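**Q** Each chain is listed here by its residues.
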Amino acid sequence: MRRGTTALDGAVALIILLLIVQVWLLSATLDAYLAGHTDAALPGAICSGLIFVATAGLYWFAHHIDHWC
Amino acid sequence: MARLGSKAPVARNRESLWKDEFSVFEEHERFVNRRQLTKFLTLTSAGMFVGNLWILVKSWLRRGETFPHMTIARAAEIQVGGVKLFRYPNPKEQCLLVRIGENDYAAYSQKCTHLSCAVYYSREDNQLICPCHNGRFSIRDGAVIQGPPTRALPRVVLAREGDRIIATAMSEKLES
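Residue numbers (this note's numbering), protein chains in the order written: chain A, 1 to 69; chain B, 1001 to 1176.
Just chain B, with the same shape it has in the complex:
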């Protein structure tokens, strides 16, 4: 108890020392605090500006991006309503190819645009479904049908050469 009691005067001394070192009049204290706030807010604004610049640099880099041409399947390899998984444009990116008609194929990134869960194709609903939060995407263009995702699934641009189905690029824009 005696030790606790002895600490109180030290705390008071510290406070007075602080007052001595920063000779700010009490009525000016609000003034100083607001100035500190403006400094903090200006730094926040600078941070957001840097964020916008980062997006700009990434956009410029993306414009020059090229994609490899890669054979992902043979036409007869998948039945109508069937799915084939493949990796494109690099080994880390999982995509899925769906045969939606006799001569109709669609391929999308398997990564949900909400929280990156893997989407799967539901033949009954003819939709791509994310099992995490029940997000649903159109098989025709990858557009969001329902659920929390706000952006369409990135689409793999396909080409056909004979019986080969070739991935030529990735597109994040919806086809108009």
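Just chain A, same shape as in the assembly:
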């Protein structure tokens, strides 16, 4: 039980960390777009997609944590 809670805490902490990076990424891409620099849009979208996949993976882990802990 305690191991499960610790793992869940870790997953939540990682997701929050990833979200902070994603917020920064979104604001930086938007700022670049509004300044007329469209080149940053594709790398920004790819990185944001990867972060979303990682977050979804951690979400899946959090919902199947009982199988491991």
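Rather than coming from a laboratory, the hints here were simulated on the basis of the structure.
Source: prediction; values computed, not measured.
The C-beta atom is built at its ideal place from N, Cα and C for all residues, glycine as well.
Here's a subset of chain B near chain A, in silico, CB distances under 7 Å, partners left out:
(1) R1034
(2) R1035
(3) L1041
(4) T1042
(5) S1045
(6) A1046
(7) M1048
(8) F1049
(9) G1051
(10) N1052
(11) L1053
(12) I1055
(13) S1059
(14) R1062
(15) K1173
Here are the in silico distance ranges between beta carbons for each label pair:
(16) C47(A) x P1131(B): 37 to 43 Å
(17) G57(A) x V1157(B): 43 to 49 Å
(18) A54(A) x A1075(B): 54 to 60 Å
(19) W60(A) x A1159(B): 53 to 59 Å
(20) H64(A) x T1066(B): 50 to 56 Å
(21) H64(A) x P1091(B): 55 to 61 Å
(22) R3(A) x W1054(B): 39 to 45 Å
(23) V53(A) x A1159(B): 44 to 50 Å
SDA-like, lysine to any residue: derived pairs with alpha carbons at most 25 Å apart:
(24) K1173(B) x D31(A)
(25) K1058(B) x L19(A)
(26) K1092(B) x A32(A)
(27) K1092(B) x L34(A)
(28) K1092(B) x T38(A)
(29) K1039(B) x H63(A)
(30) K1111(B) x V1057(B)
(31) K1111(B) x R1063(B)
(32) K1039(B) x W24(A)
(33) K1084(B) x M1070(B)
(34) K1173(B) x A32(A)
(35) K1039(B) x I16(A)
(36) K1084(B) x S1138(B)
(37) K1173(B) x I1129(B)
(38) K1092(B) x V1157(B)
(39) K1084(B) x G1101(B)
(40) K1039(B) x L1053(B)
Position chain B against the provided structure of chain A, taking the given hints into account.
**A** Only chain B this time, still in chain A's reference frame:
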């Protein structure tokens, strides 16, 4: 008073009914709440990813954007230090043309990049000034000199044909 007193047992019953329907052990409640939090955070992440995709689509659409060529003034129409207002590239976008030298013209969108107030040209300071928050832009390239705006003013690309001054495009990038 009697009516108020009679409500208390109902509230207790509701709570117990909730406990019956969701048979979660008290020690597991924290577990469930954190799972709900991860769900919410993942949805937030999906929302931000959609935001990035939206920017990507808008960027692709912007690349194919074309601007009309439009005569905005005659060369002799404005005195040195004078200003002419015009609308470009569509009737909703107000711009201003400034004659900054004998043969030197500059045109920018009049919309401040901070909160969209209309900027004006100050001949004394030779700058474009936003009266709302005292943002100042360079007349040479539209770059921010001071104030809250963080981006340069969108510049109207000009061409000259005889005595006609023609707007050919909009550029949001600073000239290097």
